[in-house]
Amino acid sequence: MHNGGADNYADNIFHNYIGPLLTVLICCGSNIPEGENPSFDAAGSVISAGIKKAFDDISDAVSKSIPADSEYLLMRISDKAVKIERHGSIIPYIVKGGELRVLPNGVFGLENDDRIICGSKNFYDNLSVPAILADAVTAMSCEEWMDNLICRISDSNMLSCGNLTAVNFIVRSDD
Amino acid sequence: MDDIGLLSTRVKIIAAAALFAVVITIVCFLAFYRYYRRKGSEIADSLERERDELLYPEVAYFSEIGKRESQQDAFYISPMENYRRNGIVLLVTDGMGGLKYGDEISSEIAESIENMYPLSFHAAEMISDELRRMSNSIYEKYRLQGGATLAMVHISGNYMNFYSSGDSDIILIRGGEATRLNPRQNYLSTLVGKLSKSGRTTYEAYVDKKSRALIDFMGNSNPKIIYTTRPIRLTDDDVVVICSDGVTDAVPCKSMVQFSDGSAKRCAQQIKRSIIMKKHPRQDNYTGIVIKLSRGIIN
Numbered sequence: 001m002h003n004g005g006a007d008n009y010a011d012n013i014f015h016n017y018i019g020p021l022l023t024v025l026i027c028c029g030s031n032i033p034e035g036e037n038p039s040f041d042a043a044g045s046v047i048s049a050g051i052k053k054a055f056d057d058i059s060d061a062v063s064k065s066i067p068a069d070s071e072y073l074l075m076r077i078s079d080k081a082v083k084i085e086r087h088g089s090i091i092p093y094i095v096k097g098g099e100l101r102v103l104p105n106g107v108f109g110l111e112n113d114d115r116i117i118c119g120s121k122n123f124y125d126n127l128s129v130p131a132i133l134a135d136a137v138t139a140m141s142c143e144e145w146m147d148n149l150i151c152r153i154s155d156s157n158m159l160s161c162g163n164l165t166a167v168n169f170i171v172r173s174d175d
Numbered sequence: 001m002d003d004i005g006l007l008s009t010r011v012k013i014i015a016a017a018a019l020f021a022v023v024i025t026i027v028c029f030l031a032f033y034r035y036y037r038r039k040g041s042e043i044a045d046s047l048e049r050e051r052d053e054l055l056y057p058e059v060a061y062f063s064e065i066g067k068r069e070s071q072q073d074a075f076y077i078s079p080m081e082n083y084r085r086n087g088i089v090l091l092v093t094d095g096m097g098g099l100k101y102g103d104e105i106s107s108e109i110a111e112s113i114e115n116m117y118p119l120s121f122h123a124a125e126m127i128s129d130e131l132r133r134m135s136n137s138i139y140e141k142y143r144l145q146g147g148a149t150l151a152m153v154h155i156s157g158n159y160m161n162f163y164s165s166g167d168s169d170i171i172l173i174r175g176g177e178a179t180r181l182n183p184r185q186n187y188l189s190t191l192v193g194k195l196s197k198s199g200r201t202t203y204e205a206y207v208d209k210k211s212r213a214l215i216d217f218m219g220n221s222n223p224k225i226i227y228t229t230r231p232i233r234l235t236d237d238d239v240v241v242i243c244s245d246g247v248t249d250a251v252p253c254k255s256m257v258q259f260s261d262g263s264a265k266r267c268a269q270q271i272k273r274s275i276i277m278k279k280h281p282r283q284d285n286y287t288g289i290v291i292k293l294s295r296g297i298i299n
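Protein sequences, first through last, are from chains A and B. Reading the first sequence from the start, the letters are residues 1 to 175 in the working numbering. Reading the second sequence from the start, the letters are residues 1 to 299 in the working numbering.
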């Protein structure tokens, strides 16, 4: 979450984790015309309150509470799978077979050490697919991966490119 | 007579059963034979297909002294004869300017890795540990009176692992876009990290005079070796350039795309020519290895 030199940070990220369920909502308001100031608070409270609810129920509640025309991505990671519902240009990627692939809407099985990143269009605009992939496979932690990506964006525009929003995950098995 | 007749019927039944069993066995044998023959040819076809789909690297390089007094870059390219079995290992190491022993250390690194060949493609963590140990022995010997960067790739099948320490570059040119794969271990990354975490833009980092100083390198004690925890898939027509910063200071990574059409040799020639054309009065040593991957062509 970085305002990228803009006056306001208009995107938002909400999450709720009660092992092994992690629910994440990424909202993108930076593409909504200035002055309209979308509020994602209501959608955020759905996430914080709904950890035990079924994914489809949370999805219904989020779609009702989120400002119209907002782009958002709802994701739930459980023990062995990730479920995704994407509205708009927030793209989820996963590293599989030495490649970076877009995660489809729906359920997708996960394995130990799988690496996932979800980001706004603005975040990806100055990153190539091989760059995201290379940083994913060389990083030992999510923080290191994100730091390296931020460095790449910074090399292009010194982080003066508007709101930057992304979340990344590395799946770790308990074994 | 009755007994014989009875026996004859039994024999007839046994003979018929035996005949039936033989026929069934023959039919089963023929069916299995046909099945496995078909399966065998399918396997042979798939092996043939796999061989056709395997990417082969074409390699070219240049290594020049520039305007410096000595050559502090070193490089290593493993033999191509064993490509199918061991893949190919290529590296550039750049002795740190301004310090004594840069040339000695870079040569030592290239030789030590040559002695490590063949490297296991599936043991990237072990190799990174080995590189760290190598750095520690350099540290013991030179006590920071010298150091070198390292950029190394290992290509096997259609996959690539890479290792790096310092600020030499590993660049992938794919689909008309050039990407530096390995993060540079310099002070700039630390400054950018600090500024971005405090929500600021990063202009200050780029005007800081110390931003290019290395924060890690071979010859440091226990350096962080960057390595791929899982290999990256390569595709037909990919170009990989491994180079010292003498190359990228003159020809920025993004502009290498214009040289990537044609063979590896042509690409290397064009990069080298472009550096010469810059006529930089203090041109650093410059070394580059260009690898062009193509399907089914043995070079």
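Heads up, some of the hints might be wrong.
Here are the simulated lysine-lysine pairs, DSSO-like style, with alpha carbons at most 30 Å apart [what the hints assert, rightly or not]:
no., chain 1, residue 1, chain 2, residue 2
1, A, Lys121, B, Lys194
2, A, Lys121, B, Lys197
3, B, Lys265, B, Lys209
4, A, Lys96, B, Lys224
5, B, Lys254, B, Lys67
6, A, Lys64, A, Lys96
7, B, Lys279, A, Lys96
8, B, Lys100, B, Lys209
9, B, Lys100, B, Lys210
10, B, Lys210, B, Lys197
11, B, Lys279, B, Lys265
12, B, Lys224, B, Lys265
13, B, Lys278, B, Lys100
14, B, Lys278, A, Lys121
15, B, Lys67, B, Lys100
FYI, nobody ran anything at the bench for these hints, they're computed from the structure. Bear in mind that the values here come from a model prediction, so they are computed numbers and not experimental data.
Lysine 100 of chain B paired with lysine 210 of chain B [C-alpha distance capped at 30 Å]: 20 Å, holds
Given pair status - lysine 209 of chain B, lysine 265 of chain B, alpha carbons within 30 Å: 37 Å, violated
Lysine 121 of chain A paired with lysine 197 of chain B [C-alpha distance capped at 30 Å]: 20 Å, holds
Lysine 210 of chain B paired with lysine 197 of chain B [C-alpha distance capped at 30 Å]: 20 Å, holds
Pair hint lysine 224 of chain B and lysine 265 of chain B, alpha-carbon separation not exceeding 30 Å: With a Cα-Cα distance of about 33 Å, the restraint between lysine 224 of chain B and lysine 265 of chain B is violated, given a limit of 30 Å.
Straight-line alpha-carbon gap lysine 278 of chain B to lysine 100 of chain B, limit 30 Å: OK: lysine 278 of chain B and lysine 100 of chain B at ~28 Å, within 30 Å.
Pairwise hint evaluation, lysine 265 of chain B against lysine 279 of chain B, where the allowed Cα distance is 30 Å at most: Distance of about 22 Å is within 30 Å: holds.
Proposed proximity, lysine 224 of chain B with lysine 96 of chain A (alpha carbon, max 30 Å): 25 Å, holds
Holds or violated: lysine 121 of chain A to lysine 194 of chain B, with C-alpha atoms at most 30 Å apart: 24 Å, holds
Holds or violated: lysine 100 of chain B to lysine 209 of chain B, with C-alpha atoms at most 30 Å apart: Status holds; Cα separation ~22 Å.
Lysine 64 of chain A paired with lysine 96 of chain A [C-alpha distance capped at 30 Å]: Answer violated: lysine 64 of chain A to lysine 96 of chain A is near 34 Å, above 30 Å.
Hinted pair lysine 254 of chain B and lysine 67 of chain B, Cα distance within 30 Å: 24 Å, holds
When each numbered hint is compared with the structure, violations occur for hints 3, 6, 7, 12 and 14.
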